[in-house]
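**Student:** Next come the chains, spelled out residue by residue.
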Amino acid sequence: EVLLVESGGGLVQPGGSLRLSCTASGFIFGSFPMNWVRQAPGGGLQWVSYISSTATNIIRYADSVKGRFTVSRDNDKNSLFLQMDSLRAGDTAVYYCARESTHSFDIWGQGTMVTVSS
Amino acid sequence: DIQMTQSPSSLSASVGDRVTITCRASQSVDSWLAWYQQRPGKAPKLLIHKASILESGVPSRFSGSGSGTEFTLTISSLQPDDFATYHCQHYDTYPWTFGQGTKVEIK
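These protein sequence lines map, in sequence, to chains G and V.
Counting with my numbering, you get residues 1 to 118 for the letters of the first sequence.
Counting with my numbering, you get residues 1001 to 1107 for the letters of the second sequence.
Incorrect hints may appear among the rest.
Unchecked claim - Here are some chain V residues the structure puts well away from chain G; computed CB gaps all over 12 angstroms:
{"#": "1", "residue": "R1018"}
{"#": "2", "residue": "S1063"}
{"#": "3", "residue": "E1070"}
{"#": "4", "residue": "S1077"}
{"#": "5", "residue": "D1081"}
{"#": "6", "residue": "F1083"}
{"#": "7", "residue": "V1104"}
As the list claims (entries may be wrong) - With the C-beta cut set under 10 angstroms, the calculated list includes, among others, these residues of chain V facing chain G:
{"#": "8", "residue": "K1050"}
{"#": "9", "residue": "S1052"}
{"#": "10", "residue": "P1059"}
{"#": "11", "residue": "F1062"}
{"#": "12", "residue": "Q1089"}
{"#": "13", "residue": "Q1100"}
{"#": "14", "residue": "E1105"}
For the record, the hints were derived by calculation from the structure and aren't laboratory data.
A virtual CB, placed ideally from N, CA and C, is assigned to each residue, including glycine.
Chain V on its own, in the form it takes in the complex (with noise of 0.2 angstroms):
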């Protein structure tokens, strides 16, 4: 199976602040790789789609990019509602995996 791993777990930033998410696969998964956020208590919702295409309404803040074995989801200035889980996740082959999560905190 493919190993995703992210970094870092957690972090603490502010409202306006640049954060930025890494995800590793453990082999190359070309750009098949997801991005989604998860609100606590609520189900996830999908940011991006193959490394680097935005979903439909989701804020341009957020971006995605890499290919390979390593990709970013970067929010560019942070807002109160982006206060939440963030997921990465492979689909190259079966079975799809996600990482462990990484839960960005208001400092």
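Bound-form chain G, shown alone (with noise of 0.2 angstroms):
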């Protein structure tokens, strides 16, 4: 079964830090550029960042994120993975981690929440 899982999410201080992690099974990890996806609650998808296949190593963030977070994965080990830097209360919402397939997102992680607050 080709299957994501999220973790790492939680309640973090404004100007505080996190690390997501997602991670694959049931299909080869190394072969797939993968993103970032978040939704802020009863809000709607935004798209956070990209990370190439093994290949071309291109990167590619959101605006609203560029010089916070910082993208990564271990092909090795399966694993995708977000830091998450001086984050804000707009940082607030459901991150998900998804599988890109012909430029669309085919397979989606059950997402983990990131909650920013004092």
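Mind docking these for me? Both chains are given alone in their own frames, and the hints should help you get the complex.
**Tutor:** Okay, structure coming up:
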């Protein structure tokens, strides 16, 4: 079964940091680009970050997180990461990792909640 | 950034109804558009990519059409499992953006 499982969410104070993880199974992880997408409570979906598959080493970020978030992957461990620094209240959301196929997101994890509050 | 606008934001319909949701882009995205279904408390599920290509396993009552700036998602005969929120997303140029969602509720 193709599966993505996120972890690492929680409550953090403004200005703090969190590191999210996403573990993949059931497919050749290194062959697929991966993304992070978030959804604020009661809100719509927002693309956050992209990392290419092994070959091209391309990384992209939404302007709202550029300079604060860092995406990385460890293909040997079938894992995707999102290091989130200088967190703000506006970063409060469910964070999903999503596999990219034909440029759309064909497999999603169950999400992990990040709450930024004092 | 390309803005995606869905209409309506919500609708009430009955089982068996034909439902159409529209997604408009602020500039052309060619056919680089996907549709997702999201049930409450769950992750989105890809239904359609490249505007009209149905994902494997998605019932044929779902269909997508359009290109450029205007797209539609149609459910030909609404079923109980279809009550959910639907999102469009373009993937023409970064940043990829989503519509605000259309909630389909039971009448």
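**Student:** If a hint holds in the structure, say so; if it does not, say that too.
**Tutor:** Results for each hint:
The claim that V:R1018 is not at the interface with chain G holds, since no C-beta of that chain comes within 12 angstroms of its own (minimum 25 angstroms). With 12 angstroms as the threshold on Cβ separation, the claim that V:S1063 sits away from chain G holds: the shortest Cβ distance comes to roughly 16 angstroms. For V:E1070, the non-interface assignment is confirmed: its Cβ lies about 19 angstroms from the closest Cβ of chain G, beyond the 12 angstroms cut-off. At roughly 25 angstroms, the least C-beta separation between V:S1077 and chain G is larger than 12 angstroms, which holds for a residue marked as non-interface.
Separation of V:D1081 from chain G is adequate, the least Cβ-Cβ distance of about 18 angstroms exceeding the 12 angstroms criterion. Every CB of chain G lies more than 12 angstroms from the CB of V:F1083, the least distance being 18 angstroms, so the non-interface label holds. Against chain G, the non-interface label of V:V1104 holds: every CB pair exceeds 12 angstroms, the least being about 15 angstroms. At about 7 angstroms, the closest approach between the beta carbon of V:K1050 and any beta carbon in chain G falls short of 10 angstroms, and the interface hint on this residue holds.
Interface restraint check for V:S1052: the shortest CB-CB distance to chain G comes to about 13 angstroms, outside 10 angstroms, so the restraint is violated. For V:P1059, the interface hint is violated, since its Cβ never comes within 10 angstroms of a Cβ in chain G; the closest pair sits about 17 angstroms apart. Interface restraint check for V:F1062: the shortest CB-CB distance to chain G comes to about 15 angstroms, outside 10 angstroms, so the restraint is violated. With its C-beta approaching chain G no nearer than about 7 angstroms, V:Q1089 sits inside the 10 angstroms limit, and its interface hint holds.
At a threshold of 10 angstroms, the smallest CB-CB gap from V:Q1100 to chain G is about 5 angstroms, leaving the interface hint in force. A hinted interface residue such as V:E1105 counts as satisfied when its beta carbon comes closer than 10 angstroms to some beta carbon of chain G; here the least separation is about 15 angstroms, so the hint is violated.
The structure fails to meet hints 9, 10, 11 and 14 from the earlier list, while all remaining hints are met.
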